[in-house]
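So the sequences go chain by chain: A and B. Following my numbering, the numbering of the first sequence begins with 1 at its first residue and continues without gaps. Following my numbering, the numbering of the second sequence begins with 1001 at its first residue and continues without gaps.
Source of the hints: derived by calculation from the structure; they are not laboratory data. A hint or two may mislead.
What the hints assert, rightly or not - Covered stretches of chain A (chain B as the covering partner; in silico rule of three or more C-beta atoms under 8 Å from a C-beta of chain B): (1) 53-59; (2) 66-79; (3) 85-92; (4) 102-109.
As the list claims (entries may be wrong) - Derived pair list, reagent style PhoX-like, types lysine-lysine, alpha-carbon separation capped at 20 Å: (5) B/Lys-1475 <-> B/Lys-1414; (6) B/Lys-1047 <-> B/Lys-1199; (7) B/Lys-1277 <-> A/Lys-139; (8) B/Lys-1006 <-> B/Lys-1249; (9) B/Lys-1041 <-> A/Lys-70; (10) B/Lys-1277 <-> A/Lys-9; (11) B/Lys-1006 <-> B/Lys-1047; (12) B/Lys-1282 <-> B/Lys-1229; (13) B/Lys-1494 <-> B/Lys-1414.
Every residue, glycine too, gets a C-beta built ideally from N, C-alpha and C.
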Amino acid sequence: MEKNHNGLKYISLLWGILYMAAGLVQVAKGVGLLPASLVSSSLLPAELAGGLVLVVIGAVFFVATFEFSKDSFEGSAYAYVGILLCLVFGTLYFLSMVADLINAYILAMEGYEKWTFVDSFKPALYLGILSGVVYAVWKNRFKPVNQGGF
Amino acid sequence: MAEKIKVAVAGNPNVGKTTIFNALTGARQKVGNWPGVTVEKKEGTKKHKDHILEIVDLPGTYSLTAYSADEVVARDYILEEKPDVVVQVLDSTNLERNLYLTSQLLEMGTNLVLALNMSDRAETRGDDIDIRRLESLLGVSAIKTAANEGRGINALLDSIVNKTESNPPLPHEIGYGGRVEENICALEEILGSDRELSKNYPSRWMAVKLLEGDENALSKLSSSSIEGKVQNFLSDLDHEEYEVEMADKRYEFIGTLLPQVCTTCAEDVSPSDMVDKVITNKYLGIPIFLTLMWGMFELTFAFATPFMELIDMFFGWLAAAVTSNIETVWLASLLGDGIVAGVGSVLLFVPNIFILFFVIALLESSGYMARAAFIMDRLMYTMGLQGKSFIPMLTGFGCSVPAIMATRTLEDEKDRLITMLVTPFMSCGARLPVYILLAGTFFSRQAGSVIFGLYVLGILVAIVSAKLFRTFIAKGQPSPFIMELPPYTRPSLKDSLQHMWNQGYLYLRKVGTIIVGGVVLIWLLAYFPQGADYGSADSLIGSLGKLIEPLVAPLGFDWKIAVALVFGFVAKEIVVGSLGTLYGTGEGEALSSALVADPGFTPAIALGLMVFTLLYVPCIGAVAVIKKETGSWKWMFFQAAYSTAVAWILALVTIGVGNIVL
């Protein structure tokens, strides 16, 4: 079980910070503790529920980091589930963007006159894309024990 | 004279225990019930050499805690009747799980013979179990059996007889270490001061059970002078923590033992196990579950929007074409304002329904839904239900009718009754159109979160109601929940699409039958008497609405909403169609615009109406199934009255708070 998980450990820590920070900002904007225009109203929107989702994903990565720090192989499991959640929500926001695109450019729906891609380019989407890259690079680390992973 | 030997046969469920019992006893069996409980008791005899074996088949259990009647029966028989030999039947292909019960039987100081059943399958798999090593490590006798082929039965009988002639078993102890061990010793000392008690029950076993918070074990002290002292000792301890710690130690013991007796039996940690560490984590499990649920409803709402727009445009065009091309006024109105607009208002939500069922199918086929039930078990148990109840409740997200029927899987009648009464609070697919219309109209970009909130509210009301029913109606403890979690699998796209179509087809069929009938009835009531404006207060539907309006007026609902809710009893989707008819707009954006333009229809009213729709009496189909499954008019009327009362109260609270906040 003793494997060098340094790469995953630091990625888990970094992803934990990114997701937690983005989530907390979205929540704070959502409940009015921060102005909606802070940083960018599109890239970090005021979205309470969406922010809480990011906070939960961030928490999973923090637990992964904690487990890695104890040299526990469970760290990989938390990192794996964390990455899966990133991909699931990245896909969800991508599909939302596709729907917005159709609404704006094909159906020309009311309310979408000024819509641009940036409006739908939310943290779960751009962090999800980055997570896809991480998964592609590290996917062998997530294989079962008898295949050299976990 | 032949010597009698009292034998108890124990083991996990589905390990071939009954087959072994039948092979041992042949036709000489007596079947009855254990005293005081509806757990089957089987007894039989067997003459072997110079001995008569009186054999009792104990209920199948995974452990010897006191969470179920089966476990209490098995445990009490061993403790009170003190059989000469206990035969534990194990599944040789799954030793790790089966040895947990072994560890508990050893702690009880039983004279144990292990029947390693299904050994033929284990050998085929390549498992080589060293039974001599197992015997020496545990101080037990062990025999390989394949009961379905009759293999090893004679050797098992010999072993039972030999066991009674050998020295009594040495007490087998698992070292729990640290504070647990300290507390066990301290409790043993207290228990040892009551000689009668320590003669009847092994002190160490009793101390372990007391630390685990075992109420059945505690009740055995009721007539003892040390009861108060023990209770005082236990009062500051967190039993749940101790129980988990001791279970971990037992598995640690098994983990050490297993590789020594079978090098191929110890399984690597599978990816499913690893994922479960996270998904079923005590603190993260429920947040992850809620997160996935929110994602499901967000997708259901967001991704369906363009498809809804297309359907809206089509039915808008069709309704206009019908009304402008048919000269007979009433027929044009029936087809255009009634059928096309009414059916269109429900078909508008087909994309949402299909997406929702598709995602549910993905979650089910991946194995996640079984984990959802597991995650919810702790909360459900606290509130008077078992985790298994959550499975029919999850089915209720699709439709209440099959969900209520799915409660048949619950063995305990009280558990089943409570689950049936609360399942309709789980928001079925038919309510979704109402939410999408109102949340989309009044909460636009937050609509997904509002809908998610409604689904969570439904779960909370179900759980709180279960607690109330458990406290006042069906008193007692819920049955324990034991289920084997299936391994995670990659969901099949084909199967998920098939599931989506099957469920979605039911919705479409309902549109073609009940809903067409409903909208025609509403049209008739809205069109007549002649001379009255269509759907106005002067029409029949207006009169009906005015008649029932006082019932919902305190909530701020007008007669139109009252009528829509009444017709929602036929099928919840009709609420939307009714509003379309009563506002004279048909479906889609026109109805949304009319609702926004109505000064009486505020966001708070919309939210209250969604809460009312979520919670009030389920549709006629669900009510009929409750009657059929409970076999009682009383419970049917109770469910209808209770749910409507809860809906009324919570809608009132929602509107009150909404008026302040929104």
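The hints, checked one at a time:
1. With 4 residues having a Cβ less than 8 Å from any Cβ of chain B, the stretch 53-59 of chain A passes the three-residue criterion, so the hint holds.
2. Three residues within the 8 Å Cβ limit are the bar, and the stretch 66-79 of chain A against chain B gives 5, so the coverage statement holds.
3. Interface restraint, the stretch 85-92 of chain A with chain B: holds (4 residues with C-beta to C-beta distance below 8 Å; minimum three).
4. As drawn, the stretch 102-109 of chain A meets chain B at 5 residues by the rule of a beta-carbon pair under 8 Å; at three or more, the given contact holds.
5. Taking the CA atoms of B/Lys-1475 and B/Lys-1414, the gap is about 8 Å. The hint holds against a cut of 20 Å.
6. Among the hinted pairs, B/Lys-1047 with B/Lys-1199 is inconsistent with the structure: their alpha-carbon atoms are about 31 Å apart, more than 20 Å.
7. Taking the CA atoms of B/Lys-1277 and A/Lys-139, the gap is near 19 Å; set against the 20 Å cutoff, the hint holds.
8. Between B/Lys-1006 and B/Lys-1249, the direct Cα distance comes to roughly 31 Å. Violation of the 20 Å bound is thereby established for this hinted pair.
9. Between B/Lys-1041 and A/Lys-70 the alpha-carbon distance is near 50 Å, which puts this suggested pair outside the 20 Å criterion.
10. Proximity of B/Lys-1277 to A/Lys-9 is assessed by CA-CA distance (about 18 Å); at most 20 Å being required, the pair is judged to hold.
11. In summary, the hint linking B/Lys-1006 to B/Lys-1047 is supported, as the alpha carbons are separated by about 12 Å, within the 20 Å threshold.
12. For the suggested pair B/Lys-1282 and B/Lys-1229, the alpha carbons sit about 33 Å apart, so the restraint of at most 20 Å is broken.
13. Distance check on the hinted pair: B/Lys-1494 and B/Lys-1414 sit about 39 Å apart at the alpha-carbon level, beyond 20 Å; violated.
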